[in-house]
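Add chain B to chain A, keeping to what the hints say.
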Amino acid sequence: MQHSSTQDTFVGLFVAAGIAALFFLALQVSNLSSFTDQDSYTLVARFENSGALKVKSPVSAAGVKIGQVSDISLDPKTYQSVVKMSIYSQYNHIPSDTTASVFTAGLLGEQYVSLEPGGSEDFLKDNEVLEITQSAIILEKAIGQFLFKSAEEKK
Amino acid sequence: MTELFAQLGKSTRGSFSKLGRATFFLLQCLSGIGSVLLRPRLLLNQLHSVGVLSFLIISISGLFVGMVLGLQGFYILSEFGAEETLGVMVAASLVRELGPVVSALLFAGRAGSALTAEIGLMKATEQLSGMEMMAVDPIKRIISPRFLAGFISMPLLAALFSAIGIVGGQIIGSGLLGVDEGAYWSQMQTKLDFTDDIINGVIKSVVFGFITSWIALFEGYDAVPTSEGISRATTRTVVNSAFSILGLDFILTALMFGDD
Chain A
1 MQHSSTQDTF VGLFVAAGIA ALFFLALQVS NLSSFTDQDS YTLVARFENS
51 GALKVKSPVS AAGVKIGQVS DISLDPKTYQ SVVKMSIYSQ YNHIPSDTTA
101 SVFTAGLLGE QYVSLEPGGS EDFLKDNEVL EITQSAIILE KAIGQFLFKS
151 AEEKK
Chain B
1001 MTELFAQLGK STRGSFSKLG RATFFLLQCL SGIGSVLLRP RLLLNQLHSV
1051 GVLSFLIISI SGLFVGMVLG LQGFYILSEF GAEETLGVMV AASLVRELGP
1101 VVSALLFAGR AGSALTAEIG LMKATEQLSG MEMMAVDPIK RIISPRFLAG
1151 FISMPLLAAL FSAIGIVGGQ IIGSGLLGVD EGAYWSQMQT KLDFTDDIIN
1201 GVIKSVVFGF ITSWIALFEG YDAVPTSEGI SRATTRTVVN SAFSILGLDF
1251 ILTALMFGDD
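Those protein sequence lines, which keep their order, are chains A and B.
Okay, so the first sequence: first residue is 1 according to the working numbering, each after it adds one.
Okay, so the second sequence: first residue is 1001 according to the working numbering, each after it adds one.
It is possible that part of the hints are untrue.
Straight-line C-alpha distance at most 16 angstroms; calculated EDC-like pairs for lysine to aspartate or glutamate [said to hold, decoys possible]:
1. A:Lys54 <-> A:Asp39
2. A:Lys65 <-> A:Glu131
3. A:Lys84 <-> A:Glu131
4. B:Lys1191 <-> A:Glu116
5. A:Lys84 <-> A:Glu48
6. A:Lys54 <-> B:Asp1193
7. A:Lys56 <-> B:Asp1196
8. A:Lys56 <-> B:Asp1193
Just so you know, the hints here were simulated from the structure itself, not pulled from any lab data.
Looking at chain A on its own, in the form it has when it is part of the complex (with noise of 0.2 angstroms):
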């Protein structure tokens, strides 16, 4: 067996290569980078339809994402959906009369919960419910209103 030191430089380099391909598919490509262990806490909100929202959908205040949807369920009682956020611990100054709504991105983006602040001095805790909701806007709903309303002005 040949013992020559470029081969086990060859090996190394290819080794080294592979594990770098790996970290870059992991830190470049996919979202570990953006998951992040810190700290969050958790905001509920009720909608009466959360349209296409999903769990890892981001949640976002002013266009800046702080946090994101942890669990989805339908409450057995109201049939309104529960959407359960984890929202980052540095901000953690959320007014209680904040308005949760349900937005698209764009025509054919994904969803997301926006958040819009109001003007309470309280600011929600762990586990808190956000008690103003806005659903999300099914676009059938809408055409639909929309086709009802001009037929009925053709009359």
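Below, chain B alone, put in the same frame as chain A:
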């Protein structure tokens, strides 16, 4: 008529006994891995011939596959006005499917066939029997290091393939066709999940590395020790590896990406 049944029975029995030999071979080979770790030099030599020498074909193929995906993806996506999602398309198809599968197919053709021919020729020239005569276990000395080297190299090669392909798609997409570079990367980062996509891709390539090395080494070890036997064994390695890789890929994909 009875002859036909006899023939059928013989070939069925033959294939089952081959599967049995292959399983026994795999167990022997796995039990030899412990002694390979005591002699890392053997492993290093094999990492060189299996991994390093496959590096060039893998990286060049990865670059071209990524560039083709960039071109094709752009033409299709631009019809819907969704060029910005080019990065997602290129990265998802590479990381989930093309990276592990194409690099495993190339690996079977480049390294697997070489392994079969090498072991088969060792058997034909009675080097393996010679080792046994000298009380050297050919499984531990020859087979296990090659198996381990294939097992280690495959995920690294697949990761390189995907990474180079994604960069190739970016060169074509944002360099030539004018997709926004920031959108290419940021859409990719939001849509691809670390565990769902990257880890599953790596698991796939580990499985493919395992199966390809196993088939290549077994076919060499089990080859009829003539020049014709070795050529047949080499062909079987490439054909069986390709079948196993594609079949397993379907099963793994169904298991991994079934829900959501």
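Now for the hints, and whether the structure bears them out:
A hinted pair counts as satisfied when its Cα atoms are at most 16 angstroms apart, and A:Lys54 with A:Asp39 does not qualify at roughly 21 angstroms. With a C-alpha separation of about 21 angstroms, the suggested pairing of A:Lys65 with A:Glu131 is violated against the 16 angstroms cut-off. Between A:Lys84 and A:Glu131, the direct Cα distance comes to roughly 13 angstroms. Compliance with the 16 angstroms bound is thereby established for this hinted pair. Only pairs whose Cα atoms come within 16 angstroms are accepted, and B:Lys1191 paired with A:Glu116 is rejected, the gap being roughly 26 angstroms.
For the suggested pair A:Lys84 and A:Glu48, the alpha carbons sit about 14 angstroms apart, so the restraint of at most 16 angstroms is met. Distance hint between A:Lys54 and B:Asp1193 is fulfilled; the C-alpha atoms sit about 14 angstroms from each other, no more than 16 angstroms. Note on A:Lys56 and B:Asp1196: the hinted pairing holds, with a Cα-Cα distance of about 13 angstroms set against a maximum of 16 angstroms. At roughly 10 angstroms between alpha-carbon atoms, A:Lys56 and B:Asp1193 fall within 16 angstroms of each other, so this suggested pair holds.
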